[in-house]
Every structure is written in C-alpha cells, then in structure tokens.
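Colleague: If you read the sequences in order, they're chains X and Y. Mapped onto this note's numbering, the consecutive letters of the first sequence carry residue numbers 1 to 467. Mapped onto this note's numbering, the consecutive letters of the second sequence carry residue numbers 1001 to 1313.
Rather than coming from a laboratory, the hints here were simulated on the basis of the structure. Among the clues, some could well be false.
Stated by the list, open to error - Here are the simulated DSS-like pairs of lysine-lysine, each with C-alpha atoms no more than 25 Å apart in a straight line:
#1 X:K464 - Y:K1125
#2 Y:K1203 - Y:K1218
#3 Y:K1212 - Y:K1125
#4 X:K146 - X:K173
#5 Y:K1203 - Y:K1131
#6 X:K181 - X:K116
#7 Y:K1207 - X:K464
#8 Y:K1218 - X:K464
#9 X:K116 - X:K25
#10 X:K464 - X:K426
#11 X:K179 - X:K146
#12 X:K464 - Y:K1203
#13 Y:K1161 - X:K426
#14 Y:K1207 - Y:K1218
#15 Y:K1207 - Y:K1127
#16 X:K464 - Y:K1127
#17 Y:K1125 - Y:K1218
#18 Y:K1007 - Y:K1127
Since the model is a prediction, treat every value here as computed from it, not as a measurement.
One-letter residues, chain by chain:
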Amino acid sequence: MGMLRKIKTAPLEDRMQQELAARRKAAESDPFGFAAFDHASAEMGGYSDYSYWGSTLRAFFQNRVAVMLLAVLLILLVFTIIQPLLPYQYPANMIINHPTTGVQMSNIPPAATTVKAVAPAGTRLIVTPWEDDQWMAVSNVLTTIKARTEFTVVEYGDAYCRVELDGQTGYVKNDFSTKLKLPENPAEVPYSSRSNFPIQLYTAPDDYTNNGAPLFASRDALRAEGDGAVTTQECALRILPGKAPFLFGTNNLGQDLWALVWRGTRTSLFIGFTVAVIEALIGIVIGVLWGYIRSLDRLLTAVYNVVDNIPTTIVLILIAYIMRPGVRTLIFAMCLTGWVGMARFIRNQIIIIRDRDYNLASRCLGTNTTRIILRNLLPYLVSVIMLRMALAVPGAIGSEVFITYIGLGLPVSIPSLGNLINAGRKLISTSQSYQLVFPTIVLSIITISFYMIGNAFADAADPKNHV
Amino acid sequence: MARYVFKRLLSAVVTLIVILTIVFVLVRQMPIEGYFDNFDKLDETMITAKLNQMGLNDPMHVQLLRFFRQLLRGDLGTSARYRVGAPIGDIIVQKAPLSIELGVLSMALAMLLGIPLGAAMARAKSKFWDKFGTAFIVFVNAVPAAVYYIYLQSYGSSLLKTSMLFSRDDWRTWILPVVSMSLGNIAYYAMWLRRYMVDEMNKDYVKLARAKGLSNVKITMGHVFRNAFVPMIQYIPTSLMFTVCGSIYIESLYSVPGMGGLLVDVINRQDNPMVQAIVMIYSCVGIIGLLLGDLLMAVIDPRITFAKKEDMR
C-alpha cells in the first residue's frame, strides 16, 4: 500500500520539497518581505492524498489482531483448497482396512507418523504372506504359546524375559497382560515358568505388531533369510504400507479424520460463501428496488414484515424437513430468509442518500437510473455489504451444525464440519474426544476469524476512523 | 394512541394469517407417510380412504378454510405418530409449563448478568471489564452455539458433579440448561447496552449534568442508563417469548421434556400434524413478541409520537 502511494505521489512531493527549499532560501535573503499571491503555493495548500480505500486499508492494518487473523484465515483457506493435492493424503470417505487382516483401522489416535516401532539392524522378522513392490508385512511373533504351557526362562528382565521353548529362543512380555508365574528370586535363571493366558513369543525384546496385526517394512531394509527376514539397517515398522500419517487419527469407521476435516471444511466454507454471495445479491437488488422505487415500498415492506417475523431456525427446519437433505437444500433454506437483513439495510441507506444534492444534480444532468445506483449509491454501501457478507459465513456454518444436530443435515457421505462435530459429540468424555476436538478447532478458527475481520473491516471503512 | 394500537394489532393479525397460510401450504408438500402411524402395512385403497377421511385430498383452499375454522375453536389437530390420536393441544399444554419455567429463569439470569456487564463495559472503556466483555461477546457471537453447548454440557456436568441430562426433581440439573440458554442473551444485552450507553454519554445533557457537578455514578445510573435502556425494551418481549418457548437445541441436548425438545422428537418421527402445529407456534411467537415490544415502547417512551409519521423522504 505504502509503496503504491509513494509511486503515485513521489513527483508531487519532490516538487513540494523543491518549492519549500526555494522559499526558505528566499526568506533568508529577505525575511520581512511580503508574500504575494503565488498560484503554485495555493495549489499546494489544496493538495490532499486522501483516498478512501487507501485510508480504509491503512486503518485496517493498524488492527493487529485482525491482520493476524486474516493471515491465519488466508493460510487456512489456501490449505483447505490444496490439501487433496498434497502427497500422502487419503481420500476423505475411504474406509481404511488393514491389508492383511481386513480389519477397519478404526479409532487410531492422532499421530504425526504411522511408524509404530523401529527395529534395529539385524532384527529377525517373520514375514506374513502379503507384499507389494515396496512393502512387506512383517511381525516378530515366532509363535503363540498356549495357556499354561511350561517354558524355561533363561534371562530375566523387567519388561521382557528371554525364554526357551521346544528349541526356539525368544522373548515374552513380563507385565500384567502375561502374568508369568515366577519364583521368589526371578533373576536366578534358569527356571520353568508359565502363564495362564496364551502369550506371544517374540524374536526381539519388543513388540513389533500393531495390537497383534502385522506391521509393514520397506523392502529395501530387509534381507530374506530362511522363512523370515532380517533387517539390514534400522527399519521403521509402519502400521500401513504407505507413509501417510493419521495426523488427526481415524474415526470409528476407519476413515482418516484429517482428510475428513478438510473435506468438511471445504463443504462448510462452500455453503458459507455461496450463502453469503446469494444473500448479498438478492439483498442488494431488492434493497435498491425497495429504496429507489416508491411504488414498491408498501409491497416490499409487507413482504419484509412477514419474512422477518418467522424465526430463521424454524424456516431452516421446515425447509430441510420438506426437501431432501443436501447441500442445495441447506443453501436454499438459508438464503430464503437471509437476504432480509441486507435488503432492509440497503433500503434505509438508499432512502437517506437518494435525494442528496449530488444525486439531484446527477439526475438533472440526465444520468440514467442504473448509473446513479451503480456509481452514486452503491459505493457508499460497499463496506457494510462486505461486513454483512463476512458475518454471513460463520452464520451459515453455525446453522449447518445446528441443522445436522436436529437430524436434518447433510448425509454422512458428504462430510461437513456439522457432520463431524455431530459424530464426535457422543465421544466427548471418552478417549476418542479428539474426533470432536479437531473439527471444533478448525470451525472456531474460521468463524472467529470471519467475525473479527468483518468487524475490524467495518470499523476501518468508517471514515470517522480515518483521521 | 388507540389508533396506533389498533393499526399495530391489525397488521400483526394480517401477518399472522399470511404466515400460518404459508406454513400450512408448505407442510402439505411433505411426504404423506407423516400422516400415518402404520404406513407400511396399508395398501393403496386404505391409504386413499384415510386421506379422504382426513380431508387431505380436498383442494388446498378448502383444507385451509377448514384449518382456520378449527384453529378458531382452539383445535390444532391430532398427532399422527408421536402419540397416535392424541390432540396436539393437550400434548403442548403438557409440555409448555416446563419450557416456560426454564425460559423465565434464563431470562432473569440474562438480565441480571447482561445489563450490569453492559453498563460496566460502557463505564470502563478499554479497561478490564470492557476487554472481558468484548471477548465474551465475540466468542458467543462467532462460535456456533451448537458447538460450545456440547462442551458446556460435558465439562459443566462433571464440574458440578451432576447428570448430563435434565431431571425435574434435581435442582442442580437445572443450572446448566438455564445458563446455556442465557449466554446468548447476556451477550446481546451487554453488547447493545454498551453501544447505546456510549452513544448517550457523548450527548450534551451529560455535559450539562457534569457541569452541574453531578457525580459520575449519578450521571451513569440516573441519566445515561435510563435513556440507553429504552431502545432495549423493544427487544425484551421477543427474546422472552422465544426463551419461554424453549431452546430447540438445549432442550433436546439435555432431554428436557419441553416444547423445543418436542419439535426435534416429532421431526425425527416425521409426525406431520405435530411439526405443523409446533412450527406455527414458533412462527407466531415472533409476531407476538414484536407486537408487545412495539406497544411497550409506545407506553414507555414519550418521544414516540402517534400522529401520522412524517414521510421519511
């Protein structure tokens, strides 16, 4: 902004500086001489570089919170749009199954990576018959020891014990899940032991499975040996073949919450923006007609009285109840009443400024009505129109959440923030509350940003604040 | 004055009739399943017979006239699915008192907290109360209520060590629904009262009062507040009416057996006559609230003239 102004006004300012320097010189030589009328200096006094939009933007950028939120919002919007194009993303509605067991990957807590464990070089792994070009399904479970089978403990550790069974040597967990039967001094090996549960015999003192299911290792890090494989280097064992992490975890169906949240944000923002634009268009057109054409005033006032009297929520519920749930239904229902506020405001403003002198003059000069409305009237209202549009977006998103709660919202196949929050609502006091928290955070950032930015912009657009 | 009241009443009645007609016509567009409790078991002829018997196959204007005639007798029809055959009027009379009790409590709380908050914000411009109040107002207005109610219910009930659901006999379970219902109104009162009070404080009579040597408290309470409160009075009946009708969301969230929860119930059970009746009640409440607000303003504010208003242009 500032730069632009510099370019525009630099020549003028240069000239002023030169003039002033010349004046100062003249004053030094004759300090008490009369200052005669000088056309150039008269011009300088009338010079103003006030521009409405320049001042508005300058006032807006002085509001640090609003600027910060604007930056956050822009980043969020851009990210929402480009998210599907990023690498390692799951499709939003894909139910992710485990490739070997076929079990849905449900309720996996949020994690930055899918690496479940890291096996050091030289670890023996058992290969499960599943592989593709890049990945192999592996685990380190040698065998499952049946309940109450005796085995020999050859080395005692607090977490794992090295044991021997039928000539195989391996490790078993030593915790509440196995409850090994141990002598009084367990460190004095060897001795015979057993567990009352079936327990796993691992090749290494660590559990390289995903709760019993195989993990996936990159082929490059493995070397075939016998019926198994040995890691040739430190090897990350992942819960799925692929590097896409579950940043927000997964839901109970095994869908990636990260993908769902951004897809939902796209849906909700689409609804919000569409509603804001349609409301503004209808509101402006009707507001201008209502304010400008006297004979329409009675009719439109009557319509306004009716529409404004029905609570918005009730209209929303009724329309959503009658029509099939879907994005279009919601947008239609929200627009049905939303234009009223905008139209009324525009009407009031137009009535106030319609007969100002400059408009009378314009009309006398033969300007046609369209031009008067577009060039003389509407520019006055731009700031308020933008404020209303900014506030319509969080309003629409909130309505969507509400209508989904009632059970009249979008079908589950169209993820939206309302759907996600409604699904997460039941989990708030469980360990899966992240399924509510992530959509809520994204939604709150969006709505608060729009609200604050809208208000800050309206303040900035008020010429009273330009001084 | 009488003329004004009469005109205002007349316009309210006309609006009422228009809105009832619109709702009635809209509800007729819904699938007919909502008029039967056992739709799947009926065959074609039985459905037609039942529709004829209920008069749903008559032309729209005949249905509409019959509906208004019934309405004048106080008959809202009978429930089709929710409680088969029960008169809707009886169901609502049963449900309404609880919603009214909750609503009155929450309105009282909202005024008790919202008005002092607004006054404190106006007096201490850009000090603690102003910042606190502004943050509160931004939060309540920007974050959808549907979201923060969920958190309030969960954390509030574990904090108060009460059940998450409402029960009539346990007063502690009343706290959260009442508080939730009043949050929006607290923010609303605080926001507008602050705005009106700041406007009033810049007027000349305040300067005069200060020049007379009146104390700040006296100016704020005796002059500014009284003038600033007048425009807010117009809103109070509307918000009271809506709060009294019960918040649809909160009643359903806390399983309060009131009017708002009833609407969600009958929507989920697709009971067309009940949906129609409750939607109509909610639509009328807005009109009655605005009417009361206008009349109240006319009584209270002597600056409103009842002579024919000068044309604004």
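Colleague: Does K426 (chain X) lie within 25 Å of K1161 (chain Y) when you go C-alpha to C-alpha?
Modeller: Satisfied, since the Cα-Cα distance of roughly 19 Å is no more than 25 Å.
Colleague: Measure nothing beyond the straight line between the CA atoms of K464 (chain X) and K1203 (chain Y); if it is 25 Å or shorter, mark the hint as holding.
Modeller: holds, 17 Å
Colleague: Compare the distance between the alpha carbons of K464 (chain X) and K1127 (chain Y) with 25 Å, and conclude whether the hinted pair is satisfied.
Modeller: Distance ~23 Å between K464 (chain X) and K1127 (chain Y) Cα, so the pair holds.
Colleague: Just to be careful, I want the Cα atoms of K1125 (chain Y) and K1218 (chain Y) compared with a cutoff of 25 Å; is the pair within it?
Modeller: holds, 18 Å
Colleague: Against the 25 Å threshold, does the CA-CA distance of K146 (chain X) and K173 (chain X) hold or violate the hint?
Modeller: Given pair K146 (chain X), K173 (chain X) holds - Cα atoms ~14 Å apart, limit 25 Å.
Colleague: Run the distance test for K1218 (chain Y) versus K464 (chain X): straight-line Cα separation, threshold 25 Å.
Modeller: Roughly 30 Å separates the two Cα atoms, so the pair is violated.
Colleague: For the pair supplied as a hint, K116 (chain X) and K25 (chain X), confirm whether the alpha-carbon distance does not exceed 25 Å.
Modeller: It is violated: about 81 Å lies between the C-alpha atoms, which goes past 25 Å.
Colleague: Given the hint that K1007 (chain Y) pairs with K1127 (chain Y), test it: the Cα-Cα distance must not exceed 25 Å.
Modeller: violated, 46 Å
Colleague: Has the given pair, K179 (chain X) with K146 (chain X), been kept, meaning a C-alpha gap of at most 25 Å?
Modeller: Since the Cα atoms of K179 (chain X) and K146 (chain X) sit roughly 14 Å apart, the hinted pair holds (cutoff 25 Å).
Colleague: Measure nothing beyond the straight line between the CA atoms of K1203 (chain Y) and K1131 (chain Y); if it is 25 Å or shorter, mark the hint as holding.
Modeller: holds, 24 Å
Colleague: With a cut-off of 25 Å on the C-alpha distance, tell me whether K1203 (chain Y) and K1218 (chain Y) pass.
Modeller: Judged against 25 Å, a Cα distance of about 16 Å means the pair holds.
Colleague: Are the Cα positions of K1207 (chain Y) and K1218 (chain Y) separated by 25 Å at most?
Modeller: Status holds; Cα separation ~13 Å.
Hint check: violations occur at hints 6, 8, 9, 10, 18; the rest are consistent with the structure.
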